[in-house]
Amino acid sequence: MNEKDLLEKGYKGIKGIPIIQDPGNSERNSATGLWRIKRPVFNGTQCSKCKLCFMFCPDSAISWSEEGLTFNMNTCKGCMICAEECPQKAISEVDER
Amino acid sequence: MKKILTGNKTAAVAAGLALKKGGVIPMYPITPQTEIVEEIAKMKADGELPNTVVKNMDSEFSVMSMAMGAAAVGARVFTATSSQGFLLMHELLYIASGQRHPIVMVNVSRGLSAPITLWSDHNDFLGAMQTGWIMMHAQDNQEVLDMTLMAFKIAEDPRVLLPVLVNMDGYILSFTDEIVDVPDQEIVNKFLGERKSEHTITPDRPTVVGTPVLPEYSYFRTQHHIAARNAMQVIKEVQDEFYGLFGRRYNLLADEFMTSDAEIILVTQGAMSTTAREVVMEMRDDGAKVGLLRLSLIRPWPEEEIRNVLCRAKAVGVVDKNIAPGKGGIMYDEIRGALYPVKDPRPIVSSIIAGLGGNPQTKKKIRAMFEKLAKTTETGEAIVEFNDVEAI
Amino acid sequence: MADKKYKNIKDLPTEDILRGGHLACAGCGMTIALKFCLRVLGKNTVIANPASCSTLLPLYPNSPLLCSWMHNAMENAAPTAIGIRSGLDAQRKDMNVICWAGDGSTYDMAIGAISFAAHSDENIIFFCYNNQLYGNTGGQWASSSPYGSSTTTTPRGKENAFGNLSPTKDIMRIMAAHGVYVATASISDPVDLANKIEKAKARKGFSYIEILVPCTTNWKFDPRYTVKFAREAVKNGMWPLFEIENGILTINRKFKELKPINDFLKEQGRFKELPEEGAKKLQEMVSKKWKDLCEDDGKPIRIYP
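From first to last, the protein sequence lines stand for chains B, L and A. According to this note's numbering, the first sequence is numbered sequentially starting from 22. According to this note's numbering, the second sequence is numbered sequentially starting from 16. According to this note's numbering, the third sequence is numbered sequentially starting from 181.
Just so you know, the hints here were simulated from the structure itself, not pulled from any lab data. Just so it is clear, the structure is predicted and the values come from calculations on it, not from any experiment. Note that CB positions come from ideal geometry on N, CA and C, so glycine has one too. Certain hints may be false.
[Claimed, not checked] Between beta-carbon pairs, the in silico distance windows are:
no. : chain 1 : residue 1 : chain 2 : residue 2 : range
1   : A       : H299      : L       : Y355      : 51 to 61 Å
2   : L       : L229      : B       : C71       : 38 to 48 Å
3   : A       : G318      : L       : A129      : 34 to 44 Å
4   : L       : K205      : A       : L203      : 42 to 52 Å
5   : L       : L229      : A       : K273      : 29 to 39 Å
6   : L       : L229      : A       : H299      : 35 to 45 Å
7   : L       : A60       : A       : K400      : 52 to 62 Å
8   : A       : H299      : L       : D192      : 51 to 61 Å
9   : L       : E63       : A       : D472      : 47 to 57 Å
10  : B       : R118      : A       : G318      : 22 to 32 Å
11  : A       : P480      : B       : S86       : 48 to 58 Å
12  : B       : W56       : L       : G62       : 51 to 61 Å
13  : B       : S86       : L       : K205      : 55 to 65 Å
[Stated by the list, open to error] Facing chain A, from chain B, some residues (calculated, C-beta under 8 Å):
no. : residue
14  : S81
15  : T96
16  : I102
17  : A104
18  : E106
Work out the full structure, taking the sequences as your base and the hints as a guide.
Listed below in structure tokens is the structure:
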């Protein structure tokens with residue numbers, strides 16, 4: 022684009038400043054789940070509801086509700102720290118493919 | 016109210032006026048700027064800056080870091096430095112302008128090591144022309160005050176949002192008493208108001224400042240360039256508003272003196288310009304058709320306005336109080352470039368390196384410059400002249 | 181000493197301020213540490229971040245954070261935080277101001293500026309997450325790298341099989357000499373970390389908290405063992421948990437006897453090929469440090485301002 026047009030119409034105000042004012046949007050937009058080579062599988066019968074898995078997950082991919090634990094497969098990278106830290110061994114791993 | 020103030024004290028007074036309602040001033044001493052921070056510290060200790068945080072830091076690098084941190088949360092920031100300190104913060108100058116913080120900094124020009132010197136020279140701030148800051152150059156203490164006040168208005172304008180540097184010559188202005196008209200606090204409050212911004216961190220607006228980018232770098236850097244170019248329009252508006260409130264008229268884009276029919280024009284910047292103006296008046300009395308262009312805005316570069324002033328002259332001499340070793344004067348090429356689009360006959364543009372390391376340029380020396388330039392109109396060849404080349 | 185606010189892991193706040201979708205390695209210890217810290221500090225926080233692994237957590241246009249974050253050059257997290265605190269004070273606003281810096285920046289480049297910030301006792305909490313090398317550039321040596329570890333700039337070779345020959349810098353005593361609150365923490369002990377953050381907040385001055393974050397990529401182990409290695413490092417004395425508050429040193433997790441470090445060394449790629457001589461020397465250094473620490477436990481560290 023030539024400079025004359027840029028100067029007349031090209032200024033985008035604060036959209037042209039390198040800031041991000043949409044907090045937490047990476048959870049919706051960034052599919053880091055594509056990195057997985059292993060995925061965690063939850064075994065509800067073993068679980069003692071200690072919620073240590075939720076406390077330690079580096080990607081905040083575990084959420085707890087009345088029904089139990091769900092994994093956000095969009096962002097889970099398959100690091101398996103949840104499986105390692107679970108005292109009841111209620112999370113196991115399977116290959117992603 | 017008219018007061019007798021040194022350049023340094025003027026800068027401190029300007030900071031006090033602009034930051035009266037609140038702000039942050041990080042400080043670090045360096046000759047010849049030390050008096051600025053001493054004066055600000057005294058103002059704080061006397062209770063004249065009740066809402067301003069004034070802090071001594073451990074290096075100029077920390078001073079600029081603190082300025083950026085404070086600007087990122089929406090505070091108004093002022094600081095001051097000089098040669099070596101200015102260079103120490105060089106990495107951060109790019110970050111401060113890239114993150115679009117409207118910081119105002121007064122630089123008191125001093126020659127660069129090595130060899131170590133204390134007297135004034137323009138290499139320090141001209142070495143930072145690529146950093147994306149807006150740069151203005153004052154020629155007397157009144158301008159130091161006025162430019163600093165205008166700088167806040169220009170920097171905080173939403174079309175600009177860039178840091179501003181106001182330069183003054185060390186020793187020649189910084190330690191010299193001149194009469195300065197200090198405006199009333201109420202008029203300054205009306206002119207500047209309080210800082211308002213939309214791209215800063217506040218408790219109810221979580222923001223990530225200065226994010227890493229990948230392909231978008233080119234977009235952001237271009238936006239930065241557009242903002243810097245837009246600043247010229249904003250500067251015109253601010254100087255008109257300044258005239259309306261304070262009664263002093265400025266022409267920051269091209270401060271010309273008696274150039275409309277001049278055959279020989281000298282281009283200078285800084286305190287030397289006031290001496291050169293007197294020489295022009297004397298030579299005009301003797302019948303010589305001479306004029307002066309004073310560069311008061313270095314970035315953004317007002318190329319068109321400069322070209323319009325210089326295009327009809329026969330000879331132009333660019334006085335550089337700086338040198339890029341291995342090339343020559345830094346502003347010489349900027350002026351030659353500005354005159355390139357002019358159709359023949361173009362002025363003959365010569366370079367004069369004078370005043371390196373603070374050697375005083377007397378009226379006699381400036382008159383000699385005009386005489387040498389007059390000779391170039393006869394020979395048709397540009398010259399590159401060096402003053403003060405002998406070891407004393 | 182005030183009653184500890186948090187007694188077990190169920191007492192900790194559970195709102196996640198660091199969300200998913202960030203670009204840290206799978207199983208990154210630093211993100212676990214950041215989550216714990218931000219859960220305690222809350223949304224009303226500004227983080228001053230120098231160039232380090234965490235720099236790439238936000239990448240335009242996505243941010244995983246619900247709080248504010250300011251990027252800056254590698255050596256100026258502390259003065260930037262001073263500026264943030266001053267700017268908030270000048271506008272009469274209050275937020276938590278913290279620094280989130282890596283060990284490379286803290287131990288080497290930025291130490292002058294951090295010393296200044298500690299000396300001025302500004303109301304900021306300085307977190308150093310320590311993975312014992314320059315992580316973001318691929319695992320180079322830093323003054324925080326332990327003796328015998330192999331990094332890409334202190335590799336094992338034919339002439340030198342020991343890797344890094346220099347010990348770590350005792351930054352805890354350096355920071356304690358400024359008279360501020362200093363503490364070590366580990367991601368395996370979030371309750372201890374949370375109590376230390378509460379102490380730092382209550383102090384309203386400068387506090388230095390260093391968290392051990394095992395690095396799966398550069399220490400070379402399977403990502404699932406990140407928290408396990410942090411736990412082991414505490415139990416075998418390579419990362420003792422202690423704090424220095426009001427000049428008095430207290431060990432927070434005491435053990436009758438330290439576990440030997442051999443298992444810890446064998447299971448990480450950076451220590452696996454350390455010759456036995458080196459492993460013995462490292463064990464001696466670790467044991468001596470623990471012994472001295474136990475002797476100083478409960479005693480004042482004298483500083484003369």
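Verification of the supplied hints:
1. Between H299 of chain A and Y355 of chain L the CB atoms are about 55 Å apart, so this pair conforms to the stated range of 51 to 61 Å.
2. In this structure the supplied range 38 to 48 Å holds for L229 of chain L paired with C71 of chain B, their Cβ-Cβ distance being about 40 Å.
3. For the pair G318 of chain A and A129 of chain L, the supplied restraint of 34 to 44 Å holds, since their beta-carbon distance comes to about 37 Å.
4. Distance hint check: the CB atoms of K205 of chain L and L203 of chain A are about 48 Å apart, consistent with the given range 42 to 52 Å.
5. Our hint of 29 to 39 Å for L229 of chain L and K273 of chain A holds, since their Cβ atoms are close to 33 Å apart.
6. Checked against the given bound of 35 to 45 Å, the beta carbons of L229 of chain L and H299 of chain A, roughly 39 Å apart, stay inside it.
7. Checked against the hint of 52 to 62 Å, the C-beta distance between A60 of chain L and K400 of chain A comes to roughly 57 Å, which is consistent with it.
8. The hint said 51 to 61 Å for the Cβ distance between H299 of chain A and D192 of chain L, and at roughly 37 Å that hint is violated.
9. Between E63 of chain L and D472 of chain A the Cβ separation comes to about 52 Å, which falls inside the hinted range of 47 to 57 Å.
10. Taking the beta carbon of each, R118 of chain B and G318 of chain A are about 29 Å apart, inside 22 to 32 Å as hinted.
11. At about 50 Å, the beta-carbon gap between P480 of chain A and S86 of chain B stays in the expected band of 48 to 58 Å.
12. Restraint check, W56 of chain B to G62 of chain L: a C-beta distance of roughly 59 Å satisfies the suggested window 51 to 61 Å.
13. Between S86 of chain B and K205 of chain L the beta carbons are some 58 Å apart, a value that agrees with the proposed interval 55 to 65 Å.
14. With its C-beta approaching chain A no nearer than about 5 Å, S81 of chain B sits inside the 8 Å limit, and its interface hint holds.
15. Hint status for T96 of chain B relative to chain A: holds, with the closest Cβ pair at about 3 Å, below 8 Å.
16. Because the smallest distance between the Cβ of I102 of chain B and any Cβ of chain A comes to about 6 Å, under 8 Å, the interface hint for this residue holds.
17. Contact between A104 of chain B and chain A, as hinted, is supported at the beta carbon level, the nearest pair being about 6 Å apart and thus within 8 Å.
18. Against a cut-off of 8 Å between C-beta atoms, the interface hint on E106 of chain B holds, since the closest Cβ of chain A lies about 6 Å away.
Hint 8 alone, counting from the list given before, is not met by this structure.
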